[in-house]
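Working from the sequences, and respecting the hints, build out all of it.
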Amino acid sequence: MGDMKRAGTEPVLSVRGLKLHYFTSKGAVRAVDGISFDLYPGETLGLVGESGCGKTSAGYALLGMASPPGRIVEGSILVDGTEVVGMPERSLRRDLRWSKISMVFQGAMNCLTPVYTIRELMAETYREHAPARTRDAVARGDGGIDALLAESLRLVGLPVAALGRYPHELSGGMKQRVAIAMALFLEPRVVVMDEPTTALDVIVQAQILNLVKGLKRDLGLSCVFITHDLATEAEIADRILVMYAGKMAELGSSEDIFGNDPLTGSLHPYTQMLLASTPRLHRRVSELAFIPGSPPDLIDPPEGCRFAPRCPFAKAKCHRDEPPIAELGHRHLAACWKAMEDPEYERL
Amino acid sequence: MSDSSPAEPGDIILEVRDLRKEFIARKGRARVRAVDGVSFALRRGEIIGLVGESGSGKTTIGKLIMRLIEPSSGSIEVAGFRSGSRSAVGDMAYRRRVQMVFQDPYASMNPHFRIKDVLEEPLLVHRIGKTREERMAMVASAMEKVKMTPVADFLDRHPHMLSGGQRQRIATARTLILRPSVIVADEPVSMIDLSTRAEILHLMKTIQEEMELSFIYITHDISTARYFADRIAVMYLGRIVEIGGRDEVIDNPVHPYTRALIAAVCEPEAGRAGTLRELQVRGEIPSASDIPSGCRFRTRCMYAAEECAALPEPELEDIGGGHSHACRRWKEIGWSGSP
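For the protein sequence lines, the chains are X and V, in the order given. Residue 1 is where the first sequence starts when you use the numbering used here, and the numbers rise one by one after that. Residue 1001 is where the second sequence starts when you use the numbering used here, and the numbers rise one by one after that.
Just so you know, the hints here were simulated from the structure itself, not pulled from any lab data. Glycine included, each C-beta is placed from N, C-alpha and C at the ideal position. Be aware that a few hints might be false.
[Stated by the list, open to error] Facing chain X, from chain V, some residues (calculated, C-beta under 10 Å): (1) Gly1055; (2) Arg1197; (3) Ala1198; (4) Ile1200; (5) Phe1228; (6) Ala1260; (7) Ala1263; (8) Val1265; (9) Cys1266; (10) Glu1267; (11) Pro1268; (12) Gly1283.
Spelled out as structure tokens, the structure:
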């Protein structure tokens, strides 16, 4: 479905062979170890995996923000045609962050400085990232910067009265809305959202997901949505990239990943097992599956497929050679020898 | 299932009667009614899932049962031992019977302790086991129960050398070592990675069945409650608004709040990303210092009528099979009938 819409459309974000390693005293942690994807305008790409799989590091990398001792060691990130990798910090601040790509950080709602009102917090972000626009707004009079802030709040469904409030006077859901409003200030082409619903109650979670969907519909927001929870991705993502131990395990449409049809379902055993260990409310189960073992040490990852030590299907080849990421269905990619060589294999 | 059979009096292991806990906010005279009249009974070998949003009072109930805080009124009785008995002996006897697994496996263990110290501590406190050897044998057997084997590999490790899942196993072993009657587990898996979450729940359930333990499973996640609990009690602003067998409550919810909670759950299925979800609820949970009159859910309820505000708060009403709810308008709002 997306393809027709995309005919002739350039991706707004294009990542190729991205590697981000952390250089610790014990050695290089290969947190992100070669991922590639495109994000098209108006699309939401889900980045999903267990903690430590590199999804948050990848998100930071998109804004050119590897946190020390991390460094982007290889690859390319094009945001709206601009290469991020190798861009000097000054230009990143001036020409990229917030104006072209912004981020809702994990736990951002708990990082609002408690001694400032929402007005002060938001105005500061505005001044920092858009001094010219702020000056114009102040010069125009008629509410000045308040008018800009009020418009931002309206966008995320908050009353203007929230401007005078302190963070502790707002609920978790409202604070998360403020964090989203701050990411949307400068109408960036891409917004990265890192676990924006994780710490929230289910009902508030659903409200925030609805908000993001509405923004996508009304503003054509392009979004990279990072979470550990496949069920949340099902609710929000058009396409999903499953990461395991710094690598791409699978990339496909929501139907490719969640489809029940044996011809469309997920291809990678890791995705299948992750899905099987996700509790389902409307299914009576007596047994929940789980994935035995734990993810590998990324300083010294195993040879071959990184999932092989936990994979019930692993053969000698899997332990020896790393499977390439390959298109096995229409725009459906997976990195798995079994899926590649034996398409009719029995699924979990 | 045991849900539909009337409980034999001897079966009840924990009984909570009209439990209330009020906190006084430091400034002003705001009284926060965190738990506002909760009664339920837990049977031997049963798991009750206490499900609700933050601010629903579920964690406060857990703390009250643990006697980490004292109730404002009401009573808690565990296997004949009453909470709040004045004698020190009665106190210790009560505490030994009720144990807790905390949410945060990183914060609930002394980082200076080795695993064997973590597990020996409760034995020392309760003066169980005469010699070190005797206590270490108990430690080893508790570790085997939670599959932390070979035991010798872990005894001398410090908590920081274990993964989150392993720590929750040790936390579980620490509760088992006193042979309690009731275990309160407050979000025991919410901080654990998805792929191991099911493993920990599975382990806890296996042990629960083997040892005929009773559990209070406190969670915001109704999906894991369906898997783990026998009965589910849905809490809203300090009260139980619906309680019943897990399948009845989830497949056939009566109370509008339960329905809203269920409607909000994400399911890993294709084709949901395109459309906004209809949420059958307004706004967010009000403060427990300002509980609405009449039905406390009415301010967010899609079905609220005048009577919901005017008439006194509805009590739990049994509609058969141990399934109770507190909604006055349940017949008018199109409850689909029994399964």
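Now for the hints, and whether the structure bears them out:
no.: 1; hint: Gly1055; verdict: holds, 8 Å
no.: 2; hint: Arg1197; verdict: holds, 7 Å
no.: 3; hint: Ala1198; verdict: holds, 4 Å
no.: 4; hint: Ile1200; verdict: holds, 8 Å
no.: 5; hint: Phe1228; verdict: holds, 9 Å
no.: 6; hint: Ala1260; verdict: holds, 6 Å
no.: 7; hint: Ala1263; verdict: holds, 8 Å
no.: 8; hint: Val1265; verdict: holds, 5 Å
no.: 9; hint: Cys1266; verdict: holds, 4 Å
no.: 10; hint: Glu1267; verdict: holds, 6 Å
no.: 11; hint: Pro1268; verdict: holds, 4 Å
no.: 12; hint: Gly1283; verdict: holds, 9 Å
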